[in-house]
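*Asks:* Assemble the complex: chain E is given as a structure, and chains C and S must be docked to it using the hints.
Listed here are the chains, written in short residue letters.
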Amino acid sequence: MPERLGDLADRFDCELRGDPDIRVSRVATLSNADTDALSFLASDAYQAQLPTTSAAAVVLDARHADAPPGAVLVSPNPYALYARIAAVLHPEPAAPPGVHPGAVVDATATVDASASVGPNAVVAAGARIAAAAVIGAGAYVGPDCVVGEGSRLRPNATLVRAVTLGKRGIIHSGAVIGSDGFGNAMTDAGWLKVPQVGGVVIGDDVEIGANTTVDCGAIDDTVIEDGVRIDNLCMIAHNVRIGAHTAMAATTGIAGSTTIGKRCLFAGNAAAVGHISICDDVVVLGRAVITHDIREPGAYNGMFPAEPARNWTKFVARLRRIDSLQKRVKKLEGK
Amino acid sequence: MPERLGDLADRFDCELRGDPDIRVSRVATLSNADTDALSFLASDAYQAQLPTTSAAAVVLDARHADAPPGAVLVSPNPYALYARIAAVLHPEPAAPPGVHPGAVVDATATVDASASVGPNAVVAAGARIAAAAVIGAGAYVGPDCVVGEGSRLRPNATLVRAVTLGKRGIIHSGAVIGSDGFGNAMTDAGWLKVPQVGGVVIGDDVEIGANTTVDCGAIDDTVIEDGVRIDNLCMIAHNVRIGAHTAMAATTGIAGSTTIGKRCLFAGNAAAVGHISICDDVVVLGRAVITHDIREPGAYNGMFPAEPARNWTKFVARLRRIDSLQKRVKKLEGK
Amino acid sequence: MPERLGDLADRFDCELRGDPDIRVSRVATLSNADTDALSFLASDAYQAQLPTTSAAAVVLDARHADAPPGAVLVSPNPYALYARIAAVLHPEPAAPPGVHPGAVVDATATVDASASVGPNAVVAAGARIAAAAVIGAGAYVGPDCVVGEGSRLRPNATLVRAVTLGKRGIIHSGAVIGSDGFGNAMTDAGWLKVPQVGGVVIGDDVEIGANTTVDCGAIDDTVIEDGVRIDNLCMIAHNVRIGAHTAMAATTGIAGSTTIGKRCLFAGNAAAVGHISICDDVVVLGRAVITHDIREPGAYNGMFPAEPARNWTKFVARLRRIDSLQKRVKKLEGK
Numbered sequence: 193m194p195e196r197l198g199d200l201a202d203r204f205d206c207e208l209r210g211d212p213d214i215r216v217s218r219v220a221t222l223s224n225a226d227t228d229a230l231s232f233l234a235s236d237a238y239q240a241q242l243p244t245t246s247a248a249a250v251v252l253d254a255r256h257a258d259a260p261p262g263a264v265l266v267s268p269n270p271y272a273l274y275a276r277i278a279a280v281l282h283p284e285p286a287a288p289p290g291v292h293p294g295a296v297v298d299a300t301a302t303v304d305a306s307a308s309v310g311p312n313a314v315v316a317a318g319a320r321i322a323a324a325a326v327i328g329a330g331a332y333v334g335p336d337c338v339v340g341e342g343s344r345l346r347p348n349a350t351l352v353r354a355v356t357l358g359k360r361g362i363i364h365s366g367a368v369i370g371s372d373g374f375g376n377a378m379t380d381a382g383w384l385k386v387p388q389v390g391g392v393v394i395g396d397d398v399e400i401g402a403n404t405t406v407d408c409g410a411i412d413d414t415v416i417e418d419g420v421r422i423d424n425l426c427m428i429a430h431n432v433r434i435g436a437h438t439a440m441a442a443t444t445g446i447a448g449s450t451t452i453g454k455r456c457l458f459a460g461n462a463a464a465v466g467h468i469s470i471c472d473d474v475v476v477l478g479r480a481v482i483t484h485d486i487r488e489p490g491a492y493n494g495m496f497p498a499e500p501a502r503n504w505t506k507f508v509a510r511l512r513r514i515d516s517l518q519k520r521v522k523k524l525e526g527k
Numbered sequence: 193m194p195e196r197l198g199d200l201a202d203r204f205d206c207e208l209r210g211d212p213d214i215r216v217s218r219v220a221t222l223s224n225a226d227t228d229a230l231s232f233l234a235s236d237a238y239q240a241q242l243p244t245t246s247a248a249a250v251v252l253d254a255r256h257a258d259a260p261p262g263a264v265l266v267s268p269n270p271y272a273l274y275a276r277i278a279a280v281l282h283p284e285p286a287a288p289p290g291v292h293p294g295a296v297v298d299a300t301a302t303v304d305a306s307a308s309v310g311p312n313a314v315v316a317a318g319a320r321i322a323a324a325a326v327i328g329a330g331a332y333v334g335p336d337c338v339v340g341e342g343s344r345l346r347p348n349a350t351l352v353r354a355v356t357l358g359k360r361g362i363i364h365s366g367a368v369i370g371s372d373g374f375g376n377a378m379t380d381a382g383w384l385k386v387p388q389v390g391g392v393v394i395g396d397d398v399e400i401g402a403n404t405t406v407d408c409g410a411i412d413d414t415v416i417e418d419g420v421r422i423d424n425l426c427m428i429a430h431n432v433r434i435g436a437h438t439a440m441a442a443t444t445g446i447a448g449s450t451t452i453g454k455r456c457l458f459a460g461n462a463a464a465v466g467h468i469s470i471c472d473d474v475v476v477l478g479r480a481v482i483t484h485d486i487r488e489p490g491a492y493n494g495m496f497p498a499e500p501a502r503n504w505t506k507f508v509a510r511l512r513r514i515d516s517l518q519k520r521v522k523k524l525e526g527k
Numbered sequence: 193m194p195e196r197l198g199d200l201a202d203r204f205d206c207e208l209r210g211d212p213d214i215r216v217s218r219v220a221t222l223s224n225a226d227t228d229a230l231s232f233l234a235s236d237a238y239q240a241q242l243p244t245t246s247a248a249a250v251v252l253d254a255r256h257a258d259a260p261p262g263a264v265l266v267s268p269n270p271y272a273l274y275a276r277i278a279a280v281l282h283p284e285p286a287a288p289p290g291v292h293p294g295a296v297v298d299a300t301a302t303v304d305a306s307a308s309v310g311p312n313a314v315v316a317a318g319a320r321i322a323a324a325a326v327i328g329a330g331a332y333v334g335p336d337c338v339v340g341e342g343s344r345l346r347p348n349a350t351l352v353r354a355v356t357l358g359k360r361g362i363i364h365s366g367a368v369i370g371s372d373g374f375g376n377a378m379t380d381a382g383w384l385k386v387p388q389v390g391g392v393v394i395g396d397d398v399e400i401g402a403n404t405t406v407d408c409g410a411i412d413d414t415v416i417e418d419g420v421r422i423d424n425l426c427m428i429a430h431n432v433r434i435g436a437h438t439a440m441a442a443t444t445g446i447a448g449s450t451t452i453g454k455r456c457l458f459a460g461n462a463a464a465v466g467h468i469s470i471c472d473d474v475v476v477l478g479r480a481v482i483t484h485d486i487r488e489p490g491a492y493n494g495m496f497p498a499e500p501a502r503n504w505t506k507f508v509a510r511l512r513r514i515d516s517l518q519k520r521v522k523k524l525e526g527k
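Protein chains in written order, with my numbering: chain E, 193 to 527; chain C, 193 to 527; chain S, 193 to 527.
One chain only, chain E, in its complex shape (with noise of 0.2 Å):
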């Protein structure tokens, strides 16, 4: 669906340079684009494609505005200008209203006339899907789980039992929901389960990604915050906390009963554990452990960059004789 760069200006609020009537018809980037595409600037390290880009248009801020040989469209913050224009070229496609005959919908259950529940998905007793929610195929919404107005689980998802999906969310395909929290009491039989009564409550425009974990809580609820993003592969253990708006970049995991604030950003495979807490405006670098509340915002770090072996291996000696080193230096001052 091509659109006037004159009714993206109008639509969004944004300065245009250049002529209102070409029409752009699909976003790419600047080295890839067509004389139909919309491209955009978001970082500097992709300014010297900008005098050469084929793009109809570029979204970018001003600084950069005169480089481009095509029109502009000029905003303080372009990746989220391109972010919405991008959702206009390329819509997420509609899912049909109704109950596929193939899914299987429990008698209790409650779906909205406006809700799309997909081929083989499932929807168990007293769950309820709410307005324009999408049920992907294959998807399992369980017992007393609520996927809020607009909401969409992607095919193959999971929502084990007691879920509140607020509105807005996606969560992604091959994502469980509500899982049973690790709880285990030790006895001379060995291991004995302790009951996960608890469920998981999850805010207004959240997204979980493929194959992420969140688990029910043990007695109280797992809670994720408005606006919160998650990636991939996380694991986020029972009774764990995620305040708004803080995200997660994929293989994070967060054990169980922590509290993280608002705004945090957690680079990838960066990981928390159990029973502490972390304020609020935190960055945790890539593959760095949280051991200890943190109340203190900023960037935190934990992480040793590879390097080649023998290298490593010269390094990692050199440190186990730090001992030595430590006796060999008070040797000398004792003289």
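Please note: incorrect hints may appear among the correct ones.
Identical chains blur together in the list; that is why a pair holds if it fits in one copy or across any two.
[Stated by the list, open to error] Pairs of lysine-lysine, DSS-like flavour, derived with a Cα cap of 30 Å: (1) K506 to K519; (2) K527 to K385; (3) K359 to K519; (4) K506 to K523; (5) K359 to K454; (6) K454 to K523; (7) K385 to K454; (8) K522 to K454; (9) K522 to K506; (10) K359 to K522; (11) K385 to K359; (12) K519 to K385; (13) K454 to K519; (14) K359 to K506; (15) K506 to K454.
FYI, nobody ran anything at the bench for these hints, they're computed from the structure.
*Replies:* Okay, now just chains C and S, sitting in the frame of chain E:
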């Protein structure tokens, strides 16, 4: 289903201090309990909440029995007693016996009349589902798999092929058991797949977490002994053997052909390389990697806690100069 | 299906020492083989088992050809020869051509008559399933996806959308290919989703492990070249490119827009940060994290092996005092 405290004390053979006619209908945390709730104290960290809890009854050990205002159930292992009572108050919902019409069961599979096969589940050729087993919605039981008495596959769990699951096991949603091990032979034309013909043998009372993967053996079987507990998103590679009552927290990874003893504990994101042997009663702390045979029980560690990024950067830079430091000390010694 | 050794030697053009009329019906390890089994020696670690094996025949290289009591098949690459014979003795079960009545195939999808679509699988609008492809039970093939000739989706695998899978590929159970990349623009109102409009292009002879995720590209495609092998629970982020014949062991993670060369090896839980380039023939050892461009082939490491916790604690404490040690050495030098 409210329960009399007197009945619970009789049933679980523990000491009741308080009115035996008081009834509890659910479990709650000490701080959130109301007067029909039972709570527990299993960690001294929460003992300050005892005097003010509204719980009708608290499960705890003798040291704390006088602290709560209400009734107490006294046990030397309060966490286990709590688990047993919680299972009474919050029983697993019964699954209806029989095969749901939306499920597909191969003509050569056998399903006990007391077993439950949920909507859109699939049971393949030669599979056997024992008495009181529950195959959740969308779950898959592959060729020649056996699901033992009372075992449960949660919705969208997968037993790929040749998996024998013992009694009273739980395979959580999204777990994949019996997928091919990672066997590849290099040839001039690239990787050649090495057929993985072994199976997976799982003992009784085993629980395997959401989205965890357990690969089938290359030739002999991958083995998980009785009472093992594996959390979410763990990886158990081909021909691993895990000893009875070992527990592994989330995102633990065990590489191929490694043998792990009984009663070991792997904390979150711990790991072991392949082709090694770890003795009984080993504790691997969070994110530590075991790289060689372990013959001594005890705790093992290998993780650096995160710290403020600026400190960490300086710390790593100083460590990297250890070579120069050694040379300087040697020079001083030479004087 | 028992096979004559003479026939196997002819078929795979290798030297047979022993009676060509001996038949083998299955593969076995050296120590567990009985007299109708074929075994192999691919690592010297097991050579002590050769003299006592009961195997009817052993695949090995010329150096060990005299050790076993029975017949031998001699090859310079015994592991590859073993793999080829194992595939003959243990063939993949044939999947019945056609669409299972419990499957749902969109009217606009095309399924070759020789392809198999299993029970409760779903094939969405515009998808194409080529000749001899196998879509396992409960698997999902999303809009506009292509499954190439002879490729197999294991049960409950998911191709979300816009995935092109080449020939003879295997996507294991629980894998999710083509889920949205993690693209979020910060705004005053919180995170704004950046539409992910690219696809995933996968070459021929690629295998992707259970519960692994491969995200679609943000604009251009995520690319996995021919012959790549990816194990379980790996994360391949948007716009990653993985060169031909690269192999990644379980739980490896590659962050967005990183390019990886041909014939690289990633050991378990290795990782690479985003927006970097790694040349051909790089080996990343277990749990190492590549943080910048790699231009030299060879092995890279960054992992500290675990040790007894008490030792580790002392070691870390000593390292943390390296600052003080440097100062003391400086002071000594000043004297």
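*Asks:* Against each hint, give a clear statement of whether it holds in the structure.
*Replies:* Status of each hint after checking the structure:
1. With identical chains, the CA atoms of K506 and K519 are at most 30 Å apart both within one copy (20 Å) and between copies (14 Å).
2. Taking the closest pair of Cα atoms, K527 and K385 never come within 30 Å of each other, the shortest separation being 62 Å inside a single copy and 65 Å across copies.
3. Proximity of K359 to K519 under the C-alpha cut-off of 30 Å is found in neither arrangement, the shortest distances being 63 Å within a copy and 58 Å between copies.
4. Taking CA atoms no more than 30 Å apart as the test, K506 paired with K523 passes in both settings, with 25 Å inside one copy and 20 Å between copies.
5. In the homo-oligomer, the alpha carbons of K359 and K454 lie at most 30 Å apart inside one protomer (19 Å), although the nearest pairing across protomers, at 44 Å, exceeds that limit.
6. When the C-alpha separation of K454 and K523 is checked against a cutoff of 30 Å, the pair qualifies neither within a copy, at 51 Å, nor between copies, at 46 Å.
7. In this assembly of identical chains, K385 and K454 lie within 30 Å of each other by CA distance solely across copies; the values are 18 Å between and 33 Å within a copy.
8. In this homomeric assembly, K522 and K454 never come within 30 Å of each other (Cα to Cα): the closest approach is 47 Å inside a single copy and 44 Å across copies.
9. Proximity of K522 to K506 under the C-alpha cut-off of 30 Å is found in both arrangements, the shortest distances being 24 Å within a copy and 17 Å between copies.
10. In the homo-oligomer, the alpha carbons of K359 and K522 never lie at most 30 Å apart, since the shortest distance is 64 Å inside one protomer and 62 Å across protomers.
11. Proximity of K385 to K359 under the C-alpha cut-off of 30 Å is restricted to the inter-copy arrangement: shortest distance 14 Å between copies versus 34 Å within a copy.
12. Taking the closest pair of Cα atoms, K519 and K385 never come within 30 Å of each other, the shortest separation being 50 Å inside a single copy and 54 Å across copies.
13. Taking the shortest Cα distances, K454 and K519 never come within 30 Å of each other, neither inside one copy (47 Å) nor across copies (40 Å).
14. Proximity of K359 and K506 under a CA criterion of 30 Å is satisfied in neither setting, with 54 Å inside one chain copy and 45 Å between copies.
15. In this homomeric assembly, K506 and K454 come within 30 Å of each other (Cα to Cα) only across copies, at 28 Å, whereas the closest approach inside a single copy is 42 Å.
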